[in-house]
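If you're matching them up, the sequences are chains P and U in order. Its first residue numbered 2, the first sequence is counted upward by one per residue in this note's numbering. Its first residue numbered 252, the second sequence is counted upward by one per residue in this note's numbering.
One or more of the hints may lead you astray.
In silico contact screen, one side only, chain P against chain U (beta carbon under 8 Å); selected entries [said to hold, decoys possible]:
#1 37
#2 42
#3 94
#4 148
#5 150
#6 151
Taking lysine to any residue pairs in the SDA-like style, the calculated list, with each CA pair at most 25 Å apart, reads [what the hints assert, rightly or not]:
#7 U:260 with P:88
#8 U:260 with P:87
#9 U:260 with P:84
Some residues of chain U that are not near chain P, with every Cβ distance over 10 Å (derived) [stated by the list, open to error]:
#10 424
#11 435
#12 894
#13 942
The hints are simulated quantities; they were obtained by calculation from the structure and are not laboratory data. Bear in mind that the values here come from a model prediction, so they are computed numbers and not experimental data. Cβ atoms here follow ideal geometry from the backbone N, Cα and C, with glycine treated the same way.
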Amino acid sequence: MLNGDEIDFLCNDYQTLLSALRDELGMIGTKEGCGTGDCGACSVILDGQLVCSCLVFAPEVDGRRVETIEGLAEVDHLHPLQDSFLEGAAFQCGVCTPGFLMAAKALLDRNPSPTETEVRYGVAGNLCRCTGYDKIVRSILDAAARMNEPENRKEAP
Amino acid sequence: MTTTRTGYKWVGTRPVRHDGLDKVTGRARFGADYATAGMLHGAVLRSPHPHARILSIDLTEAAAMPGVKAIITGADLPDLSDEFAAGSEGGINFRDLSRNILARDKVLYEGHPVAAVAAVTLRAAQQAAEVIEVEYEILPAVLSLEHAMEDDAPVLHDDLFTLGLDSEPDRPSNISRRRVIARGDLDAGWVEADVVVEREYTTKAVHQGYIEPHAVVAETGEDGRSTLWCSSQGHFAMRTYTTKVLGWEPGDMKVIPAEIGGGFGGKTTIYLEPLAALLSRRAGRAVKMVMTRSEVFRATGPTSGSVMRIKMGARRDGKLVAATAWMAYEAGAFPGSPIGPGVMTVLACYDIPNVLIEGYDVVLNKPKVAAYRAPGAPMAAFAAESVVDELAEKLDMDPIELRLRNAVTEGVRAVYGPKFRKIGFVETLEEARDHPHYAAPLGPWQGRGVASGFWFNFGGETTATVSINEDGTAVVMSGCPDIGGTRAALAQMAAEELGIDVHRIEPVVADTHSIGYNDMTGGSRVAFAVGIAVVDASRRLIKDMCARAALIWDVPAEEVEWVDGRAQSVTDAAAPLTLEELASGSANTGGPLSATVTVNPRGAGAGFSTQICDVEVDPDTGLVTVLRYTVVQDAGRAIHPDYVEGQMQGGAVQGIGWALNEEYIFDRNGVMENPGFLDYRMPVASDLPMIDTVIVEVPNPDHPYGVRGVGETGIIPPMAAVANAVYAATGKRMQDLPMSPVRVLEALSGD
Ligand code: FES
Ligand code: FES
């Protein structure tokens, strides 16, 4: 399951999930910054867990749920994290942004009201060289606040 | 042109950037995101040795591997003679550039490219590269400045003779150039000085650390014309450099800019581009090449490691009266460190009458350095601003007060030559002094440091076009890659001029075949220089539209003015004509509405920053934690304050990484030991506090809205600010970067 859709793809046994997404499926939103699990640019959510897709072999995801940046927005509106990143200028070059958004989503899914420190540790696996993190951290806190407003709170599944 | 209006509608606001949606949805296409059907993949064979002669290269086995379509080595590139790229300040010599792209007879650093292969899959290309047989004669390597500068050191280039010496050298050396700046009478200066501080400082090579590795797709047709998709800081320069190295004509190459995933100066030169283009021509298919992170570390960037000795003297009243600086910068394998800006900036913040600055550009067996944010200035400031801090202590004077007593102001002659125009250094110092951060209480093992920095900023050759669509929306086109929000800033300036909503303007970065020449995105030049061109083009359009309204109304052109996005008759002769109306009827008034302006502006407006840093030092581990950080910087005028703050914050954090963690580590054999983000440790979110910003606005008289470049200055003060804070916390002066826990512990135990 990729972003809610049942899909099939062929790949080599040595290919990573990152490579399968980008090279086989054309899902270029997930980025490669290092290929060794050190930068978080390739972050995706696998069965609810944040993972570096460069460290997961593609055949391992057979029958599992994968969420990528392409599935974050709804048809007609963005995820609150995307809104707050846009309004809070949380990126300059933007190459780290998909990874940060997925890491932040995994954090807020698990902890809807994180403190600043929890946010900083929640995205500590993601490198951003442009922003110094200030506006990223503020935007994640802002998204959490928006999502916690009563009218926006999603019913528990 | 000076700023007279203050009530701006768009300038100084924070609209959502135009390219933002693509970037939060994953749709933006960066360098590695391009692909064409049937393209090949390229891989590079790199030298395992830091210094060796290439005796032979045997391609037989590699060429016979399945799927291999083309292989090239240094012999496939034309052997160029010395020629310097225009405007590169002696930085880019095409002969060296070519030899850095592919080694010719010698390899000069571990990671130096020796051959490149194109094959049907990346795997096949990598496997073929592995079986290329290269026979090397290993030569002794030179890995430190001290060693490289010794008389009997092994020499990297037999034809390198030091420039700028008092007497003509009679044998080659690793010192490519000596730069000297002198003024006043030093002896008299030292006599006048009541306090003198002299210290030596060292810094290590550090990498720009952009998250996006270098990537290119090249397609060369049978007619020899080619197209490159790549992410760079300047696609025009990529075209010039690539065609020069290949001996091709620039007009035969089109370069299409991808979104750029960070550059910080490191993407102002070429690495993969000529390899992919030539492989593509040889194979008759498109070729894609992407660097691994390890390749990025081993063979691109970094900036120079350095050794600096600074001596400064002050009178009891705090007046600086004499200073000397001796500086040596690593250039890497080929000449061209940023020693030039190093010597020009090291003492540029202060008005010191008697000065001698001496700088050396030194080659050694490490990757050739590339520009990194305010090239050459941050390490110089680390040394000079540490000495200033120590002088303040000796004089028992507040360090900001000492700086204020010596700060350069408008009309003062800069140590590197020209007189300063209107600048805001004093204002940054005053803002820092009056900031609540400066007076906040500190606990045990905590300390506060301040430091300042200066950067020239740059103008440069620029083309911009503003066009109005038939519905009254506009397109602002430039040829400078947008590395941190400049599209939004350019659209804001056009919106301000045209009087329309900023989101009715689409800012575009055009390819080399779609707009006139533009220098690179570098030198903090885009909001300044492209801004001037966009404002000028907008004003020409307004004039044109007023003339067309006059034609329609049959009144003299002087009787029409442009107000709030409409042509209006000063005599109320007719109802105003909106931009939409003028645009939709343009066929009847002279054709499409479009204006192109080219400029090469001077007066970029010097930038200054003063920063305050609080640290806590753990006496058991030596770990330094930054507790609070404030950046005060003169932006002239912040067009989009979010992105100005972002530049200040990002620069400061890169400087904090340089101060505390980052360094190239080589083993005894000259092999880089930490070519990955795990061991080359850049700051992560949990290492840092919020980075407070204060934007000072002392308008630059040479820009219609007062803009000064802001991209670079922020990285200059942090290392000294952190070191001064560590001193305040521990009583130890840290003179060697990075101030890693081991080094700090060593200093603490040195009692
Ligand atoms: S690319 Fe996967 S962590 Fe960097
Ligand atoms: S915005 Fe460029 S790396 Fe984060």
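Inset, instruction - Run the structure past the numbered hints and jot down the numbers of the failing ones, going up. - result: 4, 5, 6, 12, 13
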